[in-house]
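Asker: Two chains, two frames, a set of hints: combine them into the complex.
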Amino acid sequence: MTGTAFRVLVVDDDPDMAAFLARLLTREGMAADTVADAEAALARVAAGAPDMILLDVMLPGADGFTVCERLKSDPASAMIPIVLVTALEDHESRLRGIRAGADDFLTKPVRREELLARVKTLRGCTRRAASSRRGGSPRRSSTRRPCARPSRATSRRALPRASSPSSPRTARRSGASRSA
Amino acid sequence: MNDASYKVTVAKDLEDLIPTFMKNRKKELDNLRVALAARDFEQLRQLGHRMKGVGVSYGFERVSALGKSVEDGARSGDRALLESTIAQYGEYLARVEIAFE
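Those protein sequence lines, which keep their order, are chains A and B. For reference, each letter of the first sequence is one residue, going 0 to 179 in numbering that gives the first Met the number 0. For reference, each letter of the second sequence is one residue, going 0 to 100 in numbering that gives the first Met the number 0.
Extracted from the complex, chain B is given alone in its bound form (with noise of 0.2 Å):
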């Protein structure tokens, strides 16, 4: 990812929610840890879903996005696109830059 996949523009009235937003999504990132370790392709499922839903609607794209691979890795039971698409997501929370308008 080039480094404008980083940036993340949110909208003003969302400002205040943000901060238990990506609080949420480093637990997150924390269970998905968890139930790949413990190959838990149901829980996988359930989170990447939850993080496809939830990415869009705050103006987060890359995480809807990644969600839909967890998602699909936990459908084919996919243990190197689950452990790719993890450790894409945590390289993507670390260096998120967020600019509200």
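Same shape as in the complex, but just chain A (with noise of 0.2 Å):
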């Protein structure tokens, strides 16, 4: 991804769906990277954290909802907004999404009117917000979410899971984040 453009990452199984959403975003000026499954995910956000995810939920091994949860529940990037993708349009699935601290929601199929508007509409938020931040640097930062509401999932009271500040993967992913 380009150090100037506003970066997402992909997050999608499906190669096609995938190229689709990468295409959408970049017509868009944004710059879209892409991975397959959870693990890369984890992976190139520890190496880089992105402006926003596009999160398909039903990824192979680990789910969308689990990856949003992990990703939620570590400060170096509690506050990327995540956008899940999901075929899924029952209340209980939706319900999950946002306890797993999800900031939007995108059901399949895309519409590119719908995902551009959203995606569009937090870009906003988070442009916002860097320009009214005093000091450091907006766009290198992850730990923004200017519009999102607070996210349940930041709460280590809520998911036990949630890494300890001290511990080794936190202060790693911190690290990178700020060498980023």
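Derived from the structure by calculation, the hints contain no laboratory data. Hints may contain errors.
[Said to hold, decoys possible] Computed, partial: chain A to chain B, Cβ under 7 Å: (1) D13; (2) D15; (3) M16; (4) A18; (5) F19; (6) R26; (7) A86; (8) K107; (9) P108; (10) V109.
Since this is a predicted model, take the numbers as computed values, not measurements. Cβ atoms here follow ideal geometry from the backbone N, Cα and C, with glycine treated the same way.
Answerer: Here's what the structure looks like:
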């Protein structure tokens, strides 16, 4: 992903869907990176936080809910906006996504207009917050989430698996974020 | 299906993705046939689910509709529905005409 464009990580095991989402984003001047499974998604975020994540729910291995919970429970990635992309339309799945800390949802089949509207809204929120913040490097900080509601998943009481701020994993990810 | 059902209009900015998309649909058809022969309903459900999600996104409404039928057939174990749907999918992929605009 380039250094100046708004960077979106697309997580989807269907290569056609990933290519479709990436194409729409790049047409709008954003930078899109794609990965196909949970492990790769977590590794990519740890290596350098994107500005937003489009996360498919049905992934091989750990599902999107689990990935979302893990990212939101880690202080280094908790503020990255996550849009869950799913064909699951039932209330229970949406509720599970909210509990996992998702900031928004997209339902498959993904409509171009809806995708772009949601992404642009979150991008606008991020940029407004960056411009109003004093000091620091807003583009590279992963601790921003200006428009999203507070995530339940960021509560370590709600999520026992949340890593301790002093754990090696957290320290490593924090370090990666700072150096990005 | 009438002839109009085989005509698809795809956004111009997706044109270069379509050869891979169609290649993957043909692989998908093979996978559906193998899964049906093996009575692997979970595999059929997953394949139908994927068809449902990706079809309309690219402009192929019929792929999504057939995917839903595969998913439903797999969930209910309806082998006749699955056979019919997969046959329709094969015919569709053989006849589909794509225009870009």
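Asker: All hints, please: hold or fail.
Answerer: Hint-by-hint comparison with the structure:
Of the supplied interface hints, the one on A:D13 holds, with its beta-carbon coming within about 6 Å of a beta-carbon of chain B, less than 7 Å. Checking A:D15 against chain B by beta carbon gives a least distance of about 5 Å; that is within 7 Å, so the hint holds. Given the 7 Å rule on beta carbons, the hint for A:M16 holds: about 5 Å separates it from the nearest Cβ of chain B. The closest approach between the C-beta of A:A18 and any C-beta of chain B is roughly 5 Å, which is under the 7 Å cut-off, so the hint is satisfied.
For A:F19, the interface hint holds, the least distance from its beta-carbon to any beta-carbon of chain B being 5 Å, beneath 7 Å. Because the closest C-beta pair between A:R26 and chain B is about 6 Å apart, less than 7 Å, the hint holds. The criterion of a C-beta within 7 Å of any C-beta in chain B is met by A:A86, whose closest approach is roughly 5 Å, and the hint holds. Interface restraint check: A:K107 against chain B, minimum CB-CB distance 4 Å, threshold 7 Å, status holds.
With its C-beta approaching chain B no nearer than about 3 Å, A:P108 sits inside the 7 Å limit, and its interface hint holds. Restraint check, A:V109 versus chain B: the minimum CB separation of about 5 Å is within 7 Å; hint holds.
Hint compliance for this structure: no hint is broken.
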